[in-house]
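Since the structure of chain A is already known, use the hints to place chain B on it.
Taken in sequence, the protein lines are chains A and B.
Going by the working numbering, the first sequence opens with residue 70, and the numbers climb by one from there.
Going by the working numbering, the second sequence opens with residue 9, and the numbers climb by one from there.
Hints in this document: simulated from the structure, not taken from any laboratory.
Think of the CB as a built atom: it goes at the ideal place given N, C-alpha and C, for glycine as much as any other residue.
Mixed in with the good hints there might be a few duds.
Straight-line C-alpha distance at most 25 Å; calculated DMTMM-like pairs for lysine to aspartate or glutamate [stated by the list, open to error]:
#1 A:Lys334 <-> B:Asp15
#2 A:Lys81 <-> B:Asp15
#3 B:Lys206 <-> A:Glu364
#4 A:Lys196 <-> A:Asp234
#5 B:Lys121 <-> A:Glu364
#6 B:Lys268 <-> A:Glu458
#7 A:Lys437 <-> B:Asp15
#8 B:Lys121 <-> A:Asp409
#9 B:Lys206 <-> A:Asp89
#10 A:Lys388 <-> B:Glu203
#11 B:Lys206 <-> A:Glu405
#12 A:Lys388 <-> B:Asp213
#13 B:Lys206 <-> A:Asp439
#14 A:Lys408 <-> B:Glu203
#15 B:Lys206 <-> A:Asp377
#16 A:Lys408 <-> B:Asp313
#17 B:Lys123 <-> A:Asp160
#18 B:Lys188 <-> A:Glu461
#19 B:Lys188 <-> A:Glu364
#20 B:Lys206 <-> A:Glu458
#21 A:Lys294 <-> A:Glu460
#22 B:Lys268 <-> A:Asp160
#23 B:Lys214 <-> A:Asp394
#24 B:Lys214 <-> A:Asp373
#25 B:Lys188 <-> A:Glu460
#26 B:Lys268 <-> A:Asp394
#27 B:Lys206 <-> A:Asp394
#28 B:Lys268 <-> A:Asp182
Here chain A is said to cover these stretches of chain B; the calculated rule only asks that three of the stretch's residues, wherever they fall, bring their Cβ under 8 Å from a Cβ of chain A [said to hold, decoys possible]:
#29 110 to 116
#30 195 to 204
#31 207 to 214
Below are the chains, spelled out letter by letter.
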Amino acid sequence: MDNIVKSFAGIKALNDVHLDLREGELHALMGENGAGKSTLMKILTGVYSKDSGTIKLASEDGSLKEVEIKTPLQAQHLGISMVFQEFNLLDNMDIAENIFLGREPVDRKHCIDKKKMYADAKKWLDKVHLDIDPKSKVSDLSVGFKQLLEIAKCLSFNARIIILDEPTASLTDRESETLFSIIDELKRNNISIVYISHRMEEVFNLADRITVFRDGTYIDTVERKNFKEDEIIKMMIGRELQEDVSARAIKGGSDEIALEVQNIKVYKNSTPVNLKLRKGEILGMFGLVGAGRTELSRVIFGIDPVGDGRILVDGKEIKITRPLDAIKAGIALVPEDRKDLGLILGMSVKDNMLLPKLGTFTSPVLNKKDISNITGTYIQDLSIALASEEEEVKNLSGGNQQKVVIAKWMAMNPKILIMDEPTRGIDIGAKSEIYAIMRKLTEEGMSIIMISSEMAEIQKVSDRVIVMHEGSVTGEMSVDEATQATIMNAAIGMEN
Amino acid sequence: MKKIKFDTFRQMVLVIILIAMCAVWAIMSPNFLTMNNLMNVVRQASYTAIASVGMTMVIIIGEIDLSAGSLIAASGMIAAAVYKSTGNIVLAFAAAILSGVLVGLFNGVLCAKGKLPGFIATLASMTILRALGYIITGGDPISVMDKTFTALGTGYLGVIPIPVIIMVICIIIGSFIMNKTRFGRYVYAVGGNAETSKWSGLNVDKVKILVYVFMGVLTSVAGIIVAARLGSGQPSAGQSFEMDCITAAVVGGTSMAGGKGKISGTIVGVLLLTVLVNGMTLIDVNSYWQQVIKGVIIVVSVLMDTRTKKAK
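Next comes chain A alone, as it looks inside the complex (with noise of 0.2 Å):
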């Protein structure tokens, strides 16, 4: 792809940018959100049309010839397929109606050939180790598995082009692996693959060349050979990236507890969690999927039912039967899902930023002037980029839209704040930012529960550690105890 310009009512996404693709390479794609990695797979995928600037493919005598993709149909035609990091399956039909949708094989009666679909559906999933039966439902597989269903897609579609999206980022290490070794076999098999991640070890790990773009812009393309983590860092924020402190030079957390919570069962049978949230800490909570971390903060913020568990805001029992009860006694959730659940995607960053503090003014009717002062001074310190407060939030790019789910609940002025995987799907250079900001919430005082599967997060922001495994608490320590290996034993469920 050259010259590719792309602007959006007047706003360039991409400028001049080029990407090559050798055959059977994995080249990722890197650069922070907003850099326009995911606007020039749309164009390559036909979602998008460029502005200007041509792309070229190889036709079967070796040369390159130009191509128009003007549609995601003529990119399928042309052996170019995405899966995207949101996944496009359909939860109520099963695998073989997912894979084939739209070109179901017939029989001479014009009806669907189920005994060819279900037939044709095992050969694919065969290709990526897939043992299903292809009429089991889509909904009832794991994550993992949707995510090699929908390479099993693209392959069905002969792919020679297949652009991963974040893949990772909803795996669990083990399924990590197993789609490590599928991306090997299609290297083997001359399949291109355009990895996009902000994951640095991994892509170090599988990738042939990594191209970098920033702020619209091709800024280069790195060989293996010469792959290194802060030059490349460097490229995608423009800058040097201040080395945070590994670990915190202050310890925070006093011996005052700011949250107990006493024998809540977070399953069924689950043995039941006590944990104590000091004063100014940063609790870090790690698990597995499935640990039961959310589970726990869902009980706390008032969405699940305490059952016979006791809540205790700065040693008194607080009664918690809804949100409300919860955001009253001081405690705030930012959600793992912030598009669904921390976030109204259509309304304005200034409507999302005031919703639970509207409940707190004493006259109905709107102030603008104590609104702006409110919401000016959150985008300030929280360092949101934006037009103006009036902008939808959906516009916003992951980072700055986490930024604002926090600016909601500082608003608030919580005692204790959960944050479950705040920094999933950003960017390094708003990582940082963000684990600045929980630094300075807790020296004025907050408390904060950090849910988080990134092991290495875990060890470089929290004071202390604790492990869930099936719901129930497995390990807790401070941040000096808690090794990868202490931390692993935890989280798998193995006795110390």
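Leaving out everything else, chain B in the frame of chain A:
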């Protein structure tokens, strides 16, 4: 670079179309621009406009109210009946509005707590209410010829018909709530994403119920005016009235998906449709063709929304 927001642009277009239509009718029929006719048009629009204020809010919150027409009939009959037996206009008004509150509560509680989609809940109340009306009156209208009562529908305050004054008051109240109060923000929030609203501490059920109750109140006010205009409370009043309200809201830019819409847009929608019908009647267009043209307008206005919103 400051661009006019799409919503404002759309409203401007609607107003221009309205003015253009008036100009066309004025040319085609000398009777259109008479004070008498124009006041008739606005009076005719008033019942729909009043209830459409409420319907806009219901649609914004992501639901719908199909019981409006049946409530027009029910509230009209209750107002007529109470006035007939007590001679007290205030009591009659209050009783009718109470019926609106009760229907709204029924709809709202069934929808919010009963977790029924608003479509189903109000489909039920629509059917039950209409039937009850026929059962209780035996199918006969309750006629009230008394000037105090009919003034609500036919009277004037100076040159302005009373229904129009009531309409303006309802529009002001509705717009104030939606634009200037936190409850208005809650309505947009719940319509935009009810889950996020819940996770932000909002009482989603309460908001839904209150919106349905407000809709019930407004509809009952419209029902009183209709009965006053007709001089009787009729069990058959308001047939497909809810459709007119929904049409007005959609043409006015309210999104059926919820979370977006303005009362001002809906009012322009009501006026547009009323002027359209009035003009077509003046130039003697067959009433069935009028329906066809109404349908075309709906399609065109929604297409206008989807086409301009898709950026490729």
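Next item on the list: Tell me, in ascending order, the numbers of any earlier hints that this structure violates.
Entry: 1, 9, 19, 21, 22, 26, 28 and 29
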